[in-house]
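K.L.:
Here is how the chains run, residue by residue.
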Amino acid sequence: MIKIFGLEYFKIRRKKIWIMITLFLAAEMMWAFLSTSMSIARNSDHAVWESIIFSIASMNGLFMPIISAIVVSRICDMEHKGATWKMLVATNVSRGRLYAAKYLCANSLLLYGILAQTGLMIAFGLIKDFPGAPPVEWLIRFIGGTMLATLAVTALQQWISLAVKNQAFALCLGMLGGFIGMTAGLFPTSVRHLLIWSYYFDLSPVTFQYAETASSYMTQPTSSMLVAAALGMIVLFYIAGNIQVNRQEI
Amino acid sequence: MTGLELIIRMSDAAIVQTKSLTKTYGDKNRVNKVDLHVEEGEIYGFLGPNGAGKTTTLKMLLGLIKPSEGAIKIFGESLSKNRPSILRRTGSLIESPSYYGHLTGLENMRVMQRLRSVPDRNIDEALRIVRLENHKNKKAEQYSLGMKQRLGIAMALLAFPKLLILDEPTNGLDPAGIGEIRELIKLLPARYGMTILLSSHLLTEIEQMATSVGIISEGNLMFQGKLDSLRAKGRSTICVKTGDNLTSNRLLLAQGYSPIQSGNQLEFDYLEDDDVAEINRLLVTHGIPVIRIGERSKNLEDIFLELTGKERSL
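Protein sequence lines, in the order shown, are assigned to chains G and L.
Just so we're aligned: 706 in the working numbering is position 217 of the first sequence, and the numbers increase by one with no gaps anywhere.
Just so we're aligned: 748 in the working numbering is position 302 of the second sequence, and the numbers increase by one with no gaps anywhere.
Just to be clear, a hint being listed does not mean it is correct.
In the DSS-like style, the derived pairs of lysine-lysine whose C-alpha atoms are separated by at most 30 Å in a straight line are [stated by the list, open to error]: (1) L:672 to L:744; (2) L:744 to G:654; (3) L:585 to G:575.
Everything labelled a hint here was simulated from the structure, so no lab data went into it.
None of the values given here were measured: they were computed from a predicted structure.
Please build the complete structure, drawing on both the sequences and the hints.
P.N.:
Here it is, written out as structure tokens:
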């Protein structure tokens, strides 16, 4: 398995996936830092760790589905382009292992992005001199929540990217997911919880309480029901994709 | 098994053996009860018109598609039960060559090397065999079609497998390239102890490489056997051109012969010399001018066309 996983990394050389993730995240972080800085300038009460965690978590709803779609598509599309899936399957490697290796590869790349985000958030907080030390527990919950949502989104994306040769479908799904993730707060809770892209926001340790007089950041506990739902979606999308790709005739 | 002619040879030395192999799409059998038999050390030419079911059959041998019916044994082992072990000893090139365009030729070989767990020297040897060693550092997407085909063959050869399955291996190659690949394929069984199963829609290609041949048409295996036994089927026909073919036909039918009107002449399946003399005498004594009597040998192409359906485009 490790050999096949390493092979995925070997195959994505010159695909510039690292650079692409970095550039996308740079754009997101710049946007988040600028908006948080402006918010702090208007209201100094917002100069707290919660503000940047909330800002990044809500922007992840827009950016992460798109980044995930692109990363997964790049990893899967090379097999379609060079008709290499049949070559791989005609060796003594099982389709299940190939599928798992791709999934691990995509998610390890995205984990790099999430960890980079976390590091930049800490740097931003220190530069802005937020009170107190970096909130380790919140940051761990941020990483865990974002990764959980990402694992489900990439499972869905990989299913589509491998099952449908035309990657426009997978990329459109990613963009649709980004739109849903961005507007998740506008949906009723019951609907929102059916849409995995809203989980970037829902699994964030910080939320924002809107009030007529004074709005404020609030911590929210991690809902075990949401975690279970996300895990369920991961298993469902992964198994469904794996079964379809395994049964697909080449 | 259906078909005009079929020779089934059974032997314990079979490297590939299928029994009633069938693949159905909808209500149509793309491959219909095919019993392949490839012996060790053979170059088996799998011949058939486009769309006859060659690639579908080869894909089933590699487990890329599941048969609707039938059984496959490779190296004497059931493919459904021992697929990984069988594929470890099998190299293949199916349809178009498979490659990662953004990687160099050498990197493509390295991908296969990791999957096959073979030493570096195999890469050098395989690239040398297909004469790509000077282009190994070029990206595969910059290769010509012929070079991509060679790379595909090199990747199939990498582990120097016991069985090599090549689907139309000379597609896209120029005449010089075709000649090189042909010579390469011919030397592999002797040099590396390989058995080769290759498909083609070109009779001349198979004729120059194969030791055994299987002819498939519309999913049915029409012939299987040594190339020599196929050639032996090429018995001559006797053609007689007369001044009145209609009367001649009637006369000869009445005398127990079986002429077939073919263009402006009558054609007979192989006849002994005495019969030819008798036909000539009959026609002359009935006042029918005999313009020409000729003997026509069937070549492999005629036999192939006869087996797969005359006048059909390949």
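K.L.:
State for each hint whether it applies.
P.N.:
Verification of the supplied hints:
1. Distance hint between residue 672 (chain L) and residue 744 (chain L) is fulfilled; the C-alpha atoms sit about 17 Å from each other, no more than 30 Å.
2. A C-alpha spacing of about 47 Å is found between residue 744 (chain L) and residue 654 (chain G), which places the hinted pair above 30 Å, so the restraint is violated.
3. Pair hint residue 585 (chain L) plus residue 575 (chain G) holds up; C-alpha atoms about 21 Å apart against a cutoff of 30 Å.
Violated hints amount to a single one, hint 2; each of the other numbered hints is respected by the structure.
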